[in-house]
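Novice: Going down the list, the protein sequences come from chains V and A.
The first sequence runs 271 to 683 under the working numbering.
The second sequence runs 271 to 683 under the working numbering.
Derived by calculation from the structure, the hints in this document are not laboratory data.
Heads up, a few of these hints could be off.
[Stated by the list, open to error] Listed below are the simulated SDA-like cross-link pairs for lysine to any residue, each with C-alpha atoms no more than 25 angstroms apart in a straight line:
#1 LYS384/V <-> ASP444/A
#2 LYS302/A <-> LYS635/V
#3 LYS461/A <-> ALA503/A
#4 LYS380/A <-> ALA284/A
#5 LYS294/A <-> GLY359/A
#6 LYS399/V <-> ARG295/V
#7 LYS393/V <-> SER642/A
#8 LYS572/A <-> GLN528/A
#9 LYS495/A <-> THR511/A
#10 LYS542/V <-> ARG593/V
#11 LYS319/V <-> MET358/A
#12 LYS589/V <-> LYS635/V
#13 LYS393/A <-> PRO543/V
#14 LYS457/A <-> ASP444/A
#15 LYS288/V <-> ASN545/V
#16 LYS319/A <-> ARG593/V
#17 LYS294/A <-> GLU333/V
#18 LYS635/A <-> GLN658/A
#19 LYS380/A <-> MET502/V
#20 LYS384/V <-> MET502/V
#21 LYS319/V <-> ASP323/A
#22 LYS557/V <-> ALA357/V
#23 LYS399/A <-> GLU411/A
#24 LYS635/A <-> GLN528/A
#25 LYS288/V <-> MET502/V
#26 LYS461/A <-> ALA357/A
#27 LYS399/A <-> ASP410/V
#28 LYS393/V <-> LYS589/A
#29 LYS399/A <-> ILE321/V
#30 LYS635/V <-> LYS674/V
#31 LYS393/V <-> GLU411/A
#32 LYS294/A <-> ALA286/V
#33 LYS294/A <-> LYS635/V
#34 LYS602/V <-> LYS674/V
#35 LYS384/A <-> GLU413/V
#36 LYS319/V <-> ALA357/A
#37 LYS319/A <-> LEU320/V
#38 LYS399/V <-> ILE648/A
There are 2 protein chains.
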Amino acid sequence: MAIIVQKFGGTSVADAEKIRQAAKRVASAADKSHNVVVVASARGRQTDKLIADALELNPNPPEREMDQLLSTGEIQTVSLFAMALAAMGYEAISFTGGQIRMLTDSAHTKARIKSIDSQRIHKHLAQNKIVLIAGFQGIDENENITTLGRGGSDTTAVALAAALGAVECEIYTDVDGIYTADPRIFKTAAKMELISYDEMLEMASLGAGVMHTRAVEFGKNYDVKIHVRSSMAENKGTIITHEVSQMEGVVVSGATVQKDMAKIGLVGVDNKPGNAARIFANLAAAKVVVNDIMQTEVSAEKANLSFTMGISDLQPAKKAVERIKADIDYDKIFVRDDIAEVSVVGIGMRTHYGVADRMFGALAKARINIDSITTSEIRISCIVDKDQADEALRAVSTAFELDKPAHERIKNT
Amino acid sequence: MAIIVQKFGGTSVADAEKIRQAAKRVASAADKSHNVVVVASARGRQTDKLIADALELNPNPPEREMDQLLSTGEIQTVSLFAMALAAMGYEAISFTGGQIRMLTDSAHTKARIKSIDSQRIHKHLAQNKIVLIAGFQGIDENENITTLGRGGSDTTAVALAAALGAVECEIYTDVDGIYTADPRIFKTAAKMELISYDEMLEMASLGAGVMHTRAVEFGKNYDVKIHVRSSMAENKGTIITHEVSQMEGVVVSGATVQKDMAKIGLVGVDNKPGNAARIFANLAAAKVVVNDIMQTEVSAEKANLSFTMGISDLQPAKKAVERIKADIDYDKIFVRDDIAEVSVVGIGMRTHYGVADRMFGALAKARINIDSITTSEIRISCIVDKDQADEALRAVSTAFELDKPAHERIKNT
């Protein structure tokens, strides 16, 4: 029998009624002769509550104990979910991460999955049971409980789908799929039917917060078909999959905007070997996550170097750079905390030209100044003023007709 | 270093402030060069909340899933407790029942402990850490989570004290010890300094709800010194221990009253071999817990048989007995649901006489009618009218001077 993994996020299991709704989804898949494996997150705001309880006792709680505490939220959901299924006449059994040997490294609060013992799950599926797995958690080699960090339950679901050879991993959430652009800003954004892992990774890391990067990476590495869909509606959502030829006909699949960003520019950096390495080693030591790096030579000896980061990392980044001024010998430092990054993403860019042109033209027409530009193989990003961010997204989305479904856009490019 | 086990019940860890108070107790024991092992229950009404959540989804939830669900309450407490200790500068580490291999049978919701792997605990104690263990839970051979039933955390604590060779198992609770009688009824009841396991077992099963029977049995079997004391006050509580000679000088250690009882009498039972066995096999099959059994011969062929039970078992018991009327051939059945049982308990009864006399005299003087009488080696119980139950306890308590401490009563008997 084909195995299907269904993952339900916190809002989809927030109360008894929602758990019952989710259980009906599961039952319906089971009725269609699927072996169903369910992954669930903690109910509603349970995790936030537990974190608040912890901080009340210790503003800096030991990470091992934090993992031990937070893992209980997901365990509660899956046992309650199993009870709901039992009440509907289905045989169901729930497991903690430890019980199915979801082995991780020992990096508490952000552990990485090393292996899964799928035997126990297969055994119960073979007995026609619905198997429920607490998301977000694992154990290390010494049986300490670990958690996988943000988006951890998505990662659990995709990893299980890979380990079990599932035909599909359904991610049930409160949106009905992935949109070409944020519909709160670009109201006529279209829902995508398909998106490639690489595009989704660019979109996810750029702030389109439906799926966490790590889960998508897992899906890409193990070729898991991921279906993002609504827990409220029956219609199909968006499939995240490997590249298919029809995707290449579309130049731009989606556009994103990332606010709460900052930029540091170093003017007149001594252009000697090892300087850039020294700067970024220092930033890494200060735990600053650098987004984009731009460097331009201004003379044979001097270069201008700038980089962007989340705004919360700005102060530590600034200190880190000032600390090594003597070594690096730059002329001056400037800081911007009022920027946003607008990007277009699409694997079709690899084979089409004119994308940058069209993007810059659209921004120019909307009288939006471009501070700086970075690109990857399937992405072009422009830094713009923060107060023009929404307008920039709309201008770019309109220029690439992101209000139309992908198949209509193919003809036009 | 001497090991001490400290157990904190739900009310003693109900909120952050109470957890901090409990942590101070633990820290104070650690400062006195003890290796401290802490066992804790779920916070306040957490378990009740989880049960309500479960029943909302399934009025008859599968027991395995119920155990999986309820085990999370205790895990939350011990991880939070460890954080509180860390905030005070103490190294602490928490474990689930599974993590320390608290192996039980597979009788979900009422599992029995088979073994404990104390190595992991000893290892961390040797590193001078405070070790916290989630109470009430274990795992079976297949790593299913089990729970130990009512009073389970007490059992966890006493079992750990036995396995680790602890010098004492302290049970912190909201009362400051065990009293000669329920102080809500007999206001001048005295707190006991010492009580033997056997007396405590009689008292516990008769409704003096401080300690659960199973934990006391464990203590008796492994000779664990149990100290029941208040989490609010510094003074000593009551020590439950093996018999010491001074106990024998006291005829009656305590008195109890058990309400919510019922009695079924079978008049004119055919007195042939196997009839009693058949009756009680039928009651066991109906899951009726029988308290006391009284039988008297009324002729060579006929006997009167009666037995008591909790009032919630009355209807199933009545049905079970009526079902086999043809086999047993009794004349008639009568039922009382308005009774209570008043008992006096004391190991001194073994060597003293006149106890029954004094008890019956006290009841007669208070104009309380005795329906029936049962005795064990260290207990005398009288069934009385329920509406005279409190008065009966007071009369008996006064007769045996239970308002005085034990050492004063020794002289008087």
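Novice: Below or equal to 25 angstroms on CA atoms is what counts here, so check LYS319/A against LEU320/V.
Specialist: The hint holds at about 15 angstroms.
Novice: Is the Cα-Cα distance between LYS399/A and ILE321/V 25 angstroms or less?
Specialist: holds, 24 angstroms
Novice: Would you check the hint for LYS319/V and ASP323/A, treating anything up to 25 angstroms between C-alpha atoms as holding?
Specialist: Distance ~17 angstroms between LYS319/V and ASP323/A Cα, so the pair holds.
Novice: Does ALA286/V sit within 25 angstroms of LYS294/A, going by the straight-line distance between their CA atoms?
Specialist: At roughly 38 angstroms apart (the allowed maximum being 25 angstroms), ALA286/V and LYS294/A break the hint.
Novice: Need the status of pair LYS294/A, GLY359/A: alpha-carbon distance at most 25 angstroms?
Specialist: Within the cut-off at roughly 11 angstroms; holds.
Novice: Checking one constraint from the list: CA of LYS457/A to CA of ASP444/A, max 25 angstroms. Satisfied?
Specialist: Holds. LYS457/A to ASP444/A sits at ~17 angstroms (cutoff 25 angstroms).
Novice: Quick one, are LYS393/V and LYS589/A close enough, alpha carbons at most 25 angstroms?
Specialist: violated, 42 angstroms
Novice: Next pair to validate is LYS384/V with ASP444/A; report whether the Cα-Cα distance is within 25 angstroms.
Specialist: violated, 46 angstroms
Novice: CA of LYS380/A to CA of ALA284/A, is that 25 angstroms or under?
Specialist: Distance ~24 angstroms between LYS380/A and ALA284/A Cα, so the pair holds.
Novice: Hinted pair, alpha-carbon criterion (25 angstroms max): LYS635/V, LYS674/V. Please report holds or violated.
Specialist: holds, 21 angstroms
Novice: Given the proposed pairing of LYS635/A with GLN528/A, does the C-alpha separation stay at or below 25 angstroms?
Specialist: holds, 21 angstroms
Novice: Take the C-alpha atoms of LYS294/A and GLU333/V, compute the straight-line distance between them, and say whether it is at most 25 angstroms.
Specialist: holds, 22 angstroms
Violation of the numbered hints given earlier is confined to hints 1, 2, 7, 8, 12, 13, 15, 16, 19, 20, 22, 23, 26, 28, 32, 33, 34, 38; the remaining hints are satisfied by the structure.
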